[in-house]
Structure formats: C-alpha cells, structure tokens
Amino acid sequence: MLRRLLAFHGGRLAGYAAAGAVAALAMDSLAWLTQQTAALSPAWTLMHVAVMAWGLMMIVQARQPVWVEQAGRAAWRRVQPLVRAPGGLMVGGCFGR
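Position one of the sequence shown corresponds to residue 2 (this note's numbering), numbered consecutively onward.
Be aware that a few hints might be false.
Label pairs and their in silico Cβ distance ranges [what the hints assert, rightly or not]:
id	residue 1	residue 2	range
1	Trp33	Arg78	31 to 41 Å
2	Tyr17	Ala63	37 to 47 Å
3	Leu14	Met59	16 to 26 Å
Since the hints were made in silico from the structure, they are not lab data. Predicted model only: the values in this text are computed from it and were never measured. Cβ atoms here follow ideal geometry from the backbone N, Cα and C, with glycine treated the same way.
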C-alpha cells in the first residue's frame, strides 16, 4: 500500500514539475518575444488581463469553467486504464486526478 501511494505521489510531483517547466518556458519565450517586438506588448498585457479575469471568475463561482472540467474528465478517461497496469499509479499521478 505504501509503495503504491509513493508511486502515485511521485508521479504527481513529476507531472506538476513537468507542467510547470513547460508553462515557465512558454511564458519566458513570450516575454522575450514581447521585448523584441513592441507590437506584441498589447497582446502580452491582454493575456495577463485575461488570466486575471479567469482567476477572478473562478473565485466568484467557486469552481472551474465547465470546459476545463470536461477536458480533465476526457483526459482521465484515457489515462485511467493505464493506472491498472504495473507501475500505472506513477502514470496516473503524472496526469493527476
């Protein structure tokens, strides 16, 4: 039981680390591009405003948007069979649930 729990949480840690690294790389690349091209500065600002609005909307509604929930459920349907395989809890942890 402990081994399965450690595998699952190890997978979660790896998944969050990978997703964070990809997000940081994407934002860093976009920030660099915005600094190089003055025309993209309004797009950079608009993206920040959109993310802030999304966060405020989730605070007010106390839930995620329906489309995000549906996307998560669709991803879980694809990952769930892998969880039953040997070492599958690591995969399940990477993709969260």
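To see whether the hints hold, each was checked on the structure:
no., hint, result
1, Trp33 - Arg78: 31 to 41 Å, "37 Å, holds"
2, Tyr17 - Ala63: 37 to 47 Å, "23 Å, violated"
3, Leu14 - Met59: 16 to 26 Å, "24 Å, holds"
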